[in-house]
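J.: Here is how the chains run, residue by residue.
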Amino acid sequence: MKRAGLAWPAFSNGHVKEVPMGEKTVQYKGTNQKRSEFIWGWLFLLPTMIGLIILNIIPIFQTIYQSFFKTGAFGKGNVFIGFDNYTKMFQDASVWQALLNTFKYAIVEVPFSIIIAIVLAVLLNRKMRGRTIYRTIYFLPMVAAPAAVAMVWRWLYNSEFGLLNHLLNSIGLKSVNWISNPNIAYISIAVVGIWSVIGYNMVLFLAGLQEIPRDYYEAAEIDGASGVKQFFHITLPLISPTMFFVSVTRIIGALQVFDTIYMMLDKTNPAFAKTQSLVYLFYKYSFLESNKGYGSAIVMLLLLVIMLITVIQMICQKKWVNYN
Amino acid sequence: MDKKRKASIVLIHIILIIGAIIMIVPFVWMILTSFKSISESTQMNPFVIFPSVWRTNAFKEVLSKMNFVRLYWNTLVLIAGRVLCAVLTATMAGYAFGRLNFKGKNIAFSLVLFQMMVPSQIFIIPQYLMVSKMGMLNTSFALIFPGLVTAFGTFLLRQAYMGLPRELEEAARLDGCNIGQTFFYVMAPLTKSSMVALGIFTALFAFKDLMWPLVVNTEQTTMPLSSALAKLQGQFVANYPELMAASLLACIPMIIIYIIFQKQFIEGIATSGGKL
Numbered sequence: 001m002k003r004a005g006l007a008w009p010a011f012s013n014g015h016v017k018e019v020p021m022g023e024k025t026v027q028y029k030g031t032n033q034k035r036s037e038f039i040w041g042w043l044f045l046l047p048t049m050i051g052l053i054i055l056n057i058i059p060i061f062q063t064i065y066q067s068f069f070k071t072g073a074f075g076k077g078n079v080f081i082g083f084d085n086y087t088k089m090f091q092d093a094s095v096w097q098a099l100l101n102t103f104k105y106a107i108v109e110v111p112f113s114i115i116i117a118i119v120l121a122v123l124l125n126r127k128m129r130g131r132t133i134y135r136t137i138y139f140l141p142m143v144a145a146p147a148a149v150a151m152v153w154r155w156l157y158n159s160e161f162g163l164l165n166h167l168l169n170s171i172g173l174k175s176v177n178w179i180s181n182p183n184i185a186y187i188s189i190a191v192v193g194i195w196s197v198i199g200y201n202m203v204l205f206l207a208g209l210q211e212i213p214r215d216y217y218e219a220a221e222i223d224g225a226s227g228v229k230q231f232f233h234i235t236l237p238l239i240s241p242t243m244f245f246v247s248v249t250r251i252i253g254a255l256q257v258f259d260t261i262y263m264m265l266d267k268t269n270p271a272f273a274k275t276q277s278l279v280y281l282f283y284k285y286s287f288l289e290s291n292k293g294y295g296s297a298i299v300m301l302l303l304l305v306i307m308l309i310t311v312i313q314m315i316c317q318k319k320w321v322n323y324n
Numbered sequence: 325m326d327k328k329r330k331a332s333i334v335l336i337h338i339i340l341i342i343g344a345i346i347m348i349v350p351f352v353w354m355i356l357t358s359f360k361s362i363s364e365s366t367q368m369n370p371f372v373i374f375p376s377v378w379r380t381n382a383f384k385e386v387l388s389k390m391n392f393v394r395l396y397w398n399t400l401v402l403i404a405g406r407v408l409c410a411v412l413t414a415t416m417a418g419y420a421f422g423r424l425n426f427k428g429k430n431i432a433f434s435l436v437l438f439q440m441m442v443p444s445q446i447f448i449i450p451q452y453l454m455v456s457k458m459g460m461l462n463t464s465f466a467l468i469f470p471g472l473v474t475a476f477g478t479f480l481l482r483q484a485y486m487g488l489p490r491e492l493e494e495a496a497r498l499d500g501c502n503i504g505q506t507f508f509y510v511m512a513p514l515t516k517s518s519m520v521a522l523g524i525f526t527a528l529f530a531f532k533d534l535m536w537p538l539v540v541n542t543e544q545t546t547m548p549l550s551s552a553l554a555k556l557q558g559q560f561v562a563n564y565p566e567l568m569a570a571s572l573l574a575c576i577p578m579i580i581i582y583i584i585f586q587k588q589f590i591e592g593i594a595t596s597g598g599k600l
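Keeping their order, the protein sequence lines are chains P and D. Every letter in the first sequence is one number past the one before it in the working numbering, and letter 90, counting from 1, is 90. Heads up: take any position in the second sequence, counting from 1, add 324, and you land on the working numbering.
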């Protein structure tokens, strides 16, 4: 019944918009409509739901469960120890240090990767020669294996033979211990993170910028607004939803930093304690020291931190994100 | 006015070129170092930028120490397995979520959203124990395992299906298609671009996945490129020409694929990354 009412006006040109849209789904003919949608729906969902439950939902509870156990030698003989892993964790200075290190990393990586990416996206968002080539180059680090990226940067940062120190020396500056000075190692690692992710953020911003109608800029130009003014009064407010999205996902990503830390810092590195991240600690306890109970407690801390920060961002977005 | 505009375009180019140089220097340095001898790579007075002779010794050494054919194959299996599973399951589930109305849909969808909000490290220990219990450590299956289904992909495809006009579905229905046929012949082909986007997204992150391969496949013969490269570093610490040669060999295939399909790559990332 509804089908006819919907289908016909759609064919009469020009009146498409007046078609009552109603629900998103099409009403099928027949009395078995409901049943067949139920059967087909669950048939289509089945692989995904089984997979999700086995691979993700159950493991969440297993991780929580495991965090109350002390893992025995060779993974055998788990002993229930209540909140001991958590009390141990809260007294463990290295966990707090790792949390601080992770924050410090994120505080450098996220703002810079976003600001640089926005600037690049704005510069590239015009008809100009070489646009595709620039875009290709900026995105290039995204397609490189993280281990390769970490190794080449480690080589660039090498305090004796690295290219960076050579360049510093050649302009008369002293060498820097990029990744073995505890005070700057986290910045050096964050630079690698920024370099790796700029292209990704830029592509997202370019997509966001293309949604902004050109007439806004034309109108601003007629009013005599400068490029900088246009950026702050048109571009930034209109791209704020993309910015919000990118910053939420980037912060979550940065708080999970692992690859570069694992690859670039040896355990003998004097900056190690001041640079290792929470996820690195999780990896170390869970898989290098086989203390999966303690590893689980650490990953629960990570979950808590990520949830908290995401909720705070959700609350704060009302103040600066413009959804019109 | 016109002069000013020209000047600003030149300025933009200068900024973009400087940026591009910074982005590309690590790659260039990787290439240059891989063709040097060890002594050249650590020589300071004078500092060597270009190798005096383009030696391929480092490549030969690396190729003799690591079975790259095996590594490429393992990586290919990892990527192909995850992409296939992700696209197949997400297309089906996305259609059900985006186009059908049935009991239990909302609860099921809340599970999908829930998975997307949780950091992935939380799954790793139990997933590892599962694979271990199945006796499947050091297999291709272990590599693919966490990517058998994808909450993110399901979400992406659901959005794609929701954006399609309903007229086509109705026409198919009038022609006597059942829901399965409507999905397979009419609706699924229309979301091809989203499938491609999901495929590229999945492939890229499967290629870049490091912690999971490190954990499950510890034997040289079953590792993908990412973890084999990570293990390599521990083996020859200061031999940078070899490390760079191995890095280059590991990156080249993906870079070539990226340069050929860059349009699809960038559009895929823009649509999938932006709809997360």
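Hints were generated in silico from the structure; no laboratory data involved. Careful, some of the hints might be misleading.
[Stated by the list, open to error] Okay, derived cross-link-like pairs now, EDC-like style, lysine to aspartate or glutamate, Cα gap no bigger than 20 Å in a straight line:
| id | chain 1 | residue 1 | chain 2 | residue 2 |
| --- | --- | --- | --- | --- |
| 1 | D | Lys457 | D | Asp326 |
| 2 | D | Lys587 | P | Glu211 |
| 3 | D | Lys328 | P | Asp223 |
[As the list claims (entries may be wrong)] These stretches of chain P come out as covered by chain D in the derived footprint (C-beta under 8 Å, 3 or more residues):
| id | segment |
| --- | --- |
| 4 | 142-152 |
| 5 | 174-186 |
Cβ coordinates follow ideal geometry from the N, Cα and C atoms, glycine included.
J.: Please flag the earlier hints that this structure goes against, numbers listed from lowest up.
T.: 1 and 5
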